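Asker: Residue strings, one per chain:
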Amino acid sequence: MNITMRNNVGVMIVSHSLAIATGTAEMVRQIGGENIPISYAGGSADGGLGTDVEAILKGLQEIWTEAGIVVFYDLGSAEMSSEAAIELLPETQQKKIKICSAPLVEGAVLAGVESCGGGDLDQVKLVAEKRQVSIDEISDTTETHRVTITHPIGLHARPAVKFTQLAKCFEANIQVKLEEQTIWVDAKSIVRVMGLKARHNKVLNLQATGIGAPEAVNQLMVLVKNNFGE
Amino acid sequence: MINIHSMNAQCINLLITGTATCIEEHRELLTELDSKIGDADHGINMSRGFQAILAISPELSELNFGEALKKAGMTLLMKVGGASGPLFGSLFIGMSKATPQKEINLKEFAVMLETGIADVKKRGKSDVGEKTMLDVLVPVSILLSEEVKNAADKKQLLQNIVQQAEVSLETTRLMQATKGRASYLGKRSIGHLDPGAMSSFLLIKTICDLLNNNNE
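If you read the protein sequences in the order shown, they are chains A and B.
When we follow this note's numbering, the leftmost residue of the first sequence carries the number 1, and every step to the right adds one.
When we follow this note's numbering, the leftmost residue of the second sequence carries the number 1001, and every step to the right adds one.
Next up, chain A with everything else stripped away, as it sits in the complex (with noise of 0.2 angstroms):
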């Protein structure tokens, strides 16, 4: 598979199984879009089951991109044979390609939606693994803004496609929530704030930290009052 654009964040599958493979590689594609880079390799040489080390350094060195390639495997010895692929690439490259436990279809997909979304390399992984991103960067002490959620639709997905190219304009470590709710979201990450379920009249809670801390705020709040400008 041959992809032009190479700012998205890659997508490796590498299964014991070619079918698993390009299964799990089509169902990223049909999520992930046409811009983010996906390479598979599945079975081993001669076609049977197994796992092939040349198959997939030939797979990363297709879909190699500066923004970085995560790599989701089915079972241990896929990951190892990974592990033994990417120590065969130069170690600048190496440092740029991080290995996923994340369970493969589900993990790829969601790595494929983040990507799309522009997630950077830690980003993409941290959402495979339905990992909380930086949530204890933010003290208690942050102050906490509140916006009500007027859009008829919610903060479903064109919005939050929006929302979260805005949060991604500043350097800031932005969260979300409910209000009702306790677990704060990278604001940045579109896996995220669409998984809030955010519908209308509801109460999201905002805070950042970092530069540009207030004016991201602000902002996004202005978008969400105006109704995403829609």
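Because the hints were derived from the structure by calculation, they are not lab data.
A quick note: this is a predicted structure, and the numbers were derived from the prediction, not measured.
Beta carbons are placed, not taken as given, at the ideal position from N, Cα and C, and that holds for glycine.
Treat the hints loosely; a few may be bogus.
[Said to hold, decoys possible] Subject to a maximum C-alpha distance of 20 angstroms in a straight line, what follows is the list of computed SDA-like cross-link-like pairs (lysine to any residue):
#1 B:Lys1149 to B:Val1162
#2 B:Lys1122 to A:Gln94
#3 B:Lys1125 to A:Asn205
#4 A:Lys225 to A:Gly210
#5 B:Lys1122 to A:Gly76
#6 B:Lys1070 to A:Leu89
[Claimed, not checked] Part of the chain B face toward chain A, derived, beta carbon under 7 angstroms:
#7 Ala1040
#8 Leu1077
#9 Met1078
#10 Gly1081
#11 Gly1082
#12 Ala1083
Use these hints to put chain B onto chain A, whose structure you have.
Answerer: This is chain B only, laid out in the frame that chain A set:
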């Protein structure tokens, strides 16, 4: 210190032919063992790997021993298509890192083996007691490192090594696998020999026999 002999072209050829033949002869046995606790492909994979090494044996014979080991390891890594590729590949590549340029004595060989084993542990994130190839390799390596200090009779030493490998192989029968596909079986993995430990034993026995005959 005991000199094995210089690892010349003839010796490299002998080792390759010997190990490849041994793996080929035990292909079914290895697969049979693997069918009990794994995915029934160990014999096929090891055979594919060692046949690939055999195929480039003329090329390997031109190299010095360290380079030949490294290339053989890379061949296993790339061609095997199962867990044994990266693992035995790491063993050989690791050993090649500690291979001296010219003559190799047993003391140096012991260090090579230790280095190779360290790489296997790293690659497999494993250690002794998990029902793997390490359960044969590690005790053999410890014995070798001990015995080379005592400057024991070479023939006796080689015999001791084979004996240790055989005893260690047998210990895997009662172990519960905690690494690799066999670990999915939990307690049901107990009662079967580990196929990777069996290949390690077979390779060690073949090499010791070759060295023994070669020195007579």
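Asker: Please go over all the hints and tell whether each is borne out by the structure.
Answerer: The hints, checked one at a time:
no., hint, in the structure
1, B:Lys1149 to B:Val1162, "18 angstroms, holds"
2, B:Lys1122 to A:Gln94, "17 angstroms, holds"
3, B:Lys1125 to A:Asn205, "43 angstroms, violated"
4, A:Lys225 to A:Gly210, "24 angstroms, violated"
5, B:Lys1122 to A:Gly76, "14 angstroms, holds"
6, B:Lys1070 to A:Leu89, "17 angstroms, holds"
7, Ala1040, "10 angstroms, violated"
8, Leu1077, "5 angstroms, holds"
9, Met1078, "5 angstroms, holds"
10, Gly1081, "3 angstroms, holds"
11, Gly1082, "5 angstroms, holds"
12, Ala1083, "4 angstroms, holds"
In summary, the numbered hints that this structure violates are 3, 4 and 7.
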